[in-house]
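With positions in the sequence shown counted from 1, the corresponding number in my numbering is that position plus 12.
The set of hints was computed from the structure by calculation and includes no laboratory data.
From a predicted model like this one, the values you see are computed outputs, not experimental measurements.
Heads up, some of the hints might be wrong.
Unchecked claim - Each pair of labels, with its calculated beta carbon distance range: (1) 74 <-> 178: 36 to 46 Å; (2) 201 <-> 49: 41 to 51 Å; (3) 174 <-> 207: 29 to 39 Å; (4) 207 <-> 53: 38 to 48 Å.
We put the beta carbon where it would ideally sit given N, CA and C, even for glycine.
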Amino acid sequence: MNKTPREQPLTGLLQSPEEWTERNRALGDAMAGLIARYAPPDARRALDVGCQQGRLTDAWAQRTGMRWSGVDPIIERATKSAEGAELLPGSASEIRFPDGEFDCIVFANVYEHIEPQKRIPALVEMKRVLKPGGVIVGQLPNPYFPIESHSRLPFMGWLPVRIQKAYWRLAPVPWEHDFYVVGVRHLKRRAQTVGLDPVLIQNYSYPPEVIPERVRWAARLLSRPMRLVPWAWQFVLKKPGAPTGHR
13 MNKTPREQPL TGLLQSPEEW TERNRALGDA MAGLIARYAP PDARRALDVG
63 CQQGRLTDAW AQRTGMRWSG VDPIIERATK SAEGAELLPG SASEIRFPDG
113 EFDCIVFANV YEHIEPQKRI PALVEMKRVL KPGGVIVGQL PNPYFPIESH
163 SRLPFMGWLP VRIQKAYWRL APVPWEHDFY VVGVRHLKRR AQTVGLDPVL
213 IQNYSYPPEV IPERVRWAAR LLSRPMRLVP WAWQFVLKKP GAPTGHR
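Assemble the whole structure, with the sequences as input and the hints as a guide.
Okay, structure coming up:
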């Protein structure tokens, strides 16, 4: 059974609606910036893997001018986002599009939710639907960040899974334990295994206005250490080959 935040302690570690909106804005800007820098110059088609209801899909469509689709396992039947993007049932390892359909894929805060045995198939599948020269741009939360991002609990990612699940009872979030402890070096190695080229890996931490106001003081104190232990990593993986002509 899902919990409700008001029934849990530590609710000061949850973002307000305004802070959550700012978080999405920051993520939208960051991914759009990577797309502008690394996607083929004549890119037209893009895919949001793990799109949920398509709010960020629409944000990236507005920022990039490309035609976007999204896939997510929570989607039960084909639908549209608020701004008309095509949203379909699917996952990183099951994308119902033909080979070479997309110039760009956004894969933001999704890899840590993929079961270990499906990680290679997911990267193979995303590579399949990319055009030569296309890119996967994404973000991976750092599980060793002092406040783990999924649970909002201190040092959750440092614990064995069995203890994590017991500790989760203190989490102020309404969702259940649904992530794996996985880092960007693992992602880089798996990407290289399937023939994707890592062209960028960089540290990333959200701006202060995203952080819950009650704990913003702690973020200011930790600003220097966060340069070495960031909230997340951002990455760009490229499918080898020159970009092909567009339809």
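Quick rundown of the hints versus the structure:
1. 74 <-> 178: 36 to 46 Å: With a Cβ separation near 43 Å, residue 74 and residue 178 satisfy 36 to 46 Å, so the hint holds.
2. 201 <-> 49: 41 to 51 Å: violated, 24 Å
3. 174 <-> 207: 29 to 39 Å: Given range 29 to 39 Å: holds, Cβ gap about 36 Å.
4. 207 <-> 53: 38 to 48 Å: About 23 Å separates the Cβ atoms of residue 207 and residue 53, which means 38 to 48 Å is violated.
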